[in-house]
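*Asks:* Protein chains in written order, with the numbering used here: chain X, 1 to 101; chain R, 1 to 101.
Since the hints were made in silico from the structure, they are not lab data.
We put the CB at the ideal spot given by N, CA and C, even for glycine.
Please note that the accuracy of each hint is not assured.
Facing chain R, from chain X, some residues (calculated, C-beta under 7 angstroms) [stated by the list, open to error]:
1) T22
2) R24
3) P62
Taking beta-carbon pairs under 10 angstroms as the criterion, some of the chain X residues facing chain R (in silico) [what the hints assert, rightly or not]:
4) R5
5) V32
6) L34
7) L63
Protein chains: 2
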Amino acid sequence: MTTMRQLVGEVLRARRVAEGLTLRDVSAKARVSLGYISEVERGQKEPSSELLAALARALEIPLSQVLLDVSAMLALEEAVDLSVASISSISPASDVEASAA
Amino acid sequence: MTTMRQLVGEVLRARRVAEGLTLRDVSAKARVSLGYISEVERGQKEPSSELLAALARALEIPLSQVLLDVSAMLALEEAVDLSVASISSISPASDVEASAA
């Protein structure tokens, strides 16, 4: 399962690209090092709440929207995990019953 | 403004209390130290994505739901901040115009 950190990175990167901003632009606006932002975008660094707020501000997106997007992506993954779990819980006996019916 | 970390702590604590669980219960289920969970609930520690996933699992709430709740609380704060900003941007001239009209 994708971690929340990776999804946060994906959402921030998608927003930056959609705004036509470079890592350098965001780094200057948010006053956060370019390398750090790059690591956050790739899901390699867990950003603090303060850093996340600064990045969202620089990207002119409400932090609540970032979390809403991450929540939606996570919900999709959770639904897929549930489906896989329910498929693996089907015992061979059900197949026999199904073909007998 | 309340940090995301504080709101995450509030949501987790509310869920734990609603489930009638003690910090000790959650600590045992999530295999995370009681002191650490307590600090997370009080917004004093920034939980990693993995820890947050473990706590959500122990509390039997999808992580997507935790983020959805935090997002809603943040959106409310952002709306209040916007209102305050727009009230402070009203210049005294508007008052004069308003009373002249």
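*Asks:* All hints, please: hold or fail.
*Replies:* Status of each hint after checking the structure:
| no. | hint | result |
| --- | --- | --- |
| 1 | T22 | 26 angstroms, violated |
| 2 | R24 | 26 angstroms, violated |
| 3 | P62 | 5 angstroms, holds |
| 4 | R5 | 4 angstroms, holds |
| 5 | V32 | 16 angstroms, violated |
| 6 | L34 | 22 angstroms, violated |
| 7 | L63 | 6 angstroms, holds |
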